[in-house]
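Enquirer: If you read the sequences in order, they're chains A and B.
Under the numbering used here, think of the first position of the first sequence as 1, with each following residue one higher.
Under the numbering used here, think of the first position of the second sequence as 1, with each following residue one higher.
These are computed hints drawn from the structure, not numbers from a lab.
Hints may contain errors.
What the hints assert, rightly or not - Far from chain B, by Cβ distances over 12 Å, these chain A residues were calculated:
| no. | residue |
| --- | --- |
| 1 | S30 |
| 2 | L94 |
| 3 | A123 |
| 4 | V124 |
| 5 | L154 |
| 6 | V179 |
| 7 | V196 |
| 8 | P232 |
Said to hold, decoys possible - Here chain A is said to cover these stretches of chain B; the calculated rule only asks that three of the stretch's residues, wherever they fall, bring their Cβ under 8 Å from a Cβ of chain A:
| no. | stretch |
| --- | --- |
| 9 | 64-77 |
| 10 | 81-87 |
| 11 | 125-135 |
Stated by the list, open to error - No more than 20 Å apart at the CA atoms, straight line, and that leaves these computed lysine to aspartate or glutamate pairs for DMTMM-like:
| no. | chain 1 | residue 1 | chain 2 | residue 2 |
| --- | --- | --- | --- | --- |
| 12 | B | K166 | B | D143 |
| 13 | A | K11 | B | E131 |
| 14 | A | K11 | B | E165 |
| 15 | A | K11 | B | D240 |
From a predicted model like this one, the values you see are computed outputs, not experimental measurements.
Don't be surprised by glycine CBs; every beta carbon is placed ideally from N, CA and C.
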Amino acid sequence: MAMREILSLIKASFHTALSYRLSMVLSLGSLLFTVVPLFFVARALQPTMAKSISTEGGVYFAFLLVGMIAYTYISVSVNAIPSVVSSGVATGTLEALLATRAPLPSLLLGLIGYNFLWTTVRAVVLLIAGMLFGVHLAWGQLGSSLLILALIVLSYLPFGLIGAALMLAFRTTGPLASVVLILSGLLGGVYYPTSVIPAGIQQLSAAVPLTYGLRALRRTLLEGVPFSAVAPDVITLVGFVVLLTSVGLLALAEALHYARRAGTLAQY
Amino acid sequence: MKESLIPAPSEDRGRLSEPAPAVVLDGLTKSFPSRRGWLETIRHPRSTKYQEVLRGVSCTVRAGEFFGLLGPNGAGKTTLFKILATLVLPDAGTATVAGHDVVQDARAVRRVLSPVIADERSLYWRLSSRENLELYGSLQGLDRRAARVRAGELLEVVGLDDTGEKMVGSFSSGMKQRLLIARALIASPRVLLLDEPTRSLDPISARRFRAFLREEITGRQKCTVLLATHNAEEALELCDRVAVLNHGELLAAGTAQSIARDMGNDRYRLWTSDPGHPGIAALAGRGVVQAMTSHQSDAPGWTVIEMDVPGGLDRAAQVVAFLTEQGVPIARFEYAELSLADLIERVVEQRGTNRESVRMSGDGDA
Chain A
1 MAMREILSLI KASFHTALSY RLSMVLSLGS LLFTVVPLFF VARALQPTMA KSISTEGGVY
61 FAFLLVGMIA YTYISVSVNA IPSVVSSGVA TGTLEALLAT RAPLPSLLLG LIGYNFLWTT
121 VRAVVLLIAG MLFGVHLAWG QLGSSLLILA LIVLSYLPFG LIGAALMLAF RTTGPLASVV
181 LILSGLLGGV YYPTSVIPAG IQQLSAAVPL TYGLRALRRT LLEGVPFSAV APDVITLVGF
241 VVLLTSVGLL ALAEALHYAR RAGTLAQY
Chain B
1 MKESLIPAPS EDRGRLSEPA PAVVLDGLTK SFPSRRGWLE TIRHPRSTKY QEVLRGVSCT
61 VRAGEFFGLL GPNGAGKTTL FKILATLVLP DAGTATVAGH DVVQDARAVR RVLSPVIADE
121 RSLYWRLSSR ENLELYGSLQ GLDRRAARVR AGELLEVVGL DDTGEKMVGS FSSGMKQRLL
181 IARALIASPR VLLLDEPTRS LDPISARRFR AFLREEITGR QKCTVLLATH NAEEALELCD
241 RVAVLNHGEL LAAGTAQSIA RDMGNDRYRL WTSDPGHPGI AALAGRGVVQ AMTSHQSDAP
301 GWTVIEMDVP GGLDRAAQVV AFLTEQGVPI ARFEYAELSL ADLIERVVEQ RGTNRESVRM
361 SGDGDA
């Protein structure tokens, strides 16, 4: 995998995005309209939520903010690859890229790299806005938190690979992205801790990678607990990454082989 | 097109002078699943019909050669190119590029071969032409500086150096076409695939582009070029050899002259002032001449009759003697060179029909 190829594709996406200046400004501006109501709603619900989130920072606004940032990242992880594959097939860009010497992993990382960078910019803006509204972060655990965030992304990227495989084979991802994101949002502890989910459904949240990732992320970033304290959650998350990545890579390789056999790489 | 600034081939590319073939196709076969209607899919959900796009295509293209691939729409030219570009997998047979198998060693093939993907949308429309080229230069393994220098050279070669920071989306079709070609050349490929490269160019740009291909790409860069085109005259002007593909079958390959010879070209042109003379009708009636067509010549009162005279020069001499004996007024009787377009038509008609009848009789036997 060559860094130069990845960076060139990210640069191309950046210049493309830069040519839509209004869209860029609106994308950042809209964050303010997200943070302000979030703050007031969270403050109103703080007394109700305080007890159940006591081990994850104890402040509901910070809890929600971290949940939303993580959700934005998993949303990009699930949607970015199918989206670039879909537009690449429609325009013929994918065929042109696959005809170059660049290996597939570099191409995919390069094509989605800008999405993650832009998401990071938005996340930083959200965090700064959150800090202006009183959120306290455990800066000492920033490294651990970033590592956990990376694992969250890696555990959801395979759904993107499977989505891309479906896109290559059937020209649609079907309900995959929606199902993954809705279930993760409802069962992964984005808006409320998984402990408040009714017992019958709570079992399901154990099958959602975000459950472990978010819990570990909030504990390190908001509580400041050391990495060793969240090791069980992190190990489970790593297990998801290994298992799902194998499935995702296999699905994409098969789909690519199918598309090359069926001649549908540039057939929308 | 301006004079090239592209550096001369490197030592590595100098291997082209070796006699090894650049492209070898051996029994290449490809079928695609046919699209089925809803009713058919519901009735037979598990059955798939296939349409054969390439049928045992075998052919060798020599290093440094300009090779034309001719044939009507749906002949299989684009599929063949996509197989060579490692974008489509063949069902059977093999294809090698500079000794590398397109299936087993696809990455090595991509190092030496560049296709010109003709779809304009495959460019980054919101970027400038320079940014497009620099991006692909880097994807083809050039470092940033080399990509920048090479992009500048190629923009000058294809006459886009004055487009500045204009976004590609605002380019005309011809400009985009030239950029697509520059993109394919960014990595100095040893084998270049051109699929109808001049289809969006105006006649003057097309002529300049052909000169550029001949002088720069094959002349100076010693690049092997495979050109798929509908334009027979373009192929005749550029190609050392041509192959005629129809319904996935390679019907003929060689120089235009050798194909004409193989096809037994026996077309003659007769200039007469009495096209209705019974002597001419008698020739046709006896089957001595075939496929007669006539049109008025530029000279007032004279008609040109074109006819096939099977049987070589001896039979042609007999025809002249017979017509003279019959008192047919003759101003000229000359051999008619077939245009390449006529030749292709003839190849497709003769060989395509023959094979069709062979297949049909084979089906009957089975």
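Enquirer: None of the hints should be skipped; say for each whether it holds.
Expert: Results of checking the hints against the structure:
1. S30: holds, 22 Å
2. L94: Nearest chain B Cβ is 8 Å from L94(A), so the label is violated.
3. A123: holds, 25 Å
4. V124: holds, 25 Å
5. L154: holds, 25 Å
6. V179: holds, 25 Å
7. V196: Holds, since 46 Å exceeds 12 Å.
8. P232: Consistent with the label, P232(A) stays out of reach of chain B, its closest Cβ about 42 Å off (over 12 Å).
9. 64-77: With 0 residues in contact (Cβ-Cβ under 8 Å with chain A), the coverage given for the stretch 64-77 of chain B is violated.
10. 81-87: holds (count 4)
11. 125-135: Since three or more residues must qualify, the claim that chain A covers the stretch 125-135 of chain B holds, with 5 doing so at under 8 Å.
12. K166(B) / D143(B): violated, 24 Å
13. K11(A) / E131(B): Distance of about 10 Å is within 20 Å: holds.
14. K11(A) / E165(B): Holds: K11(A) and E165(B) sit about 16 Å apart, inside 20 Å.
15. K11(A) / D240(B): Violated. K11(A) to D240(B) sits at ~42 Å, over the 20 Å cutoff.
This entry does not satisfy hints 2, 9, 12 and 15, going by the numbered hints stated previously.
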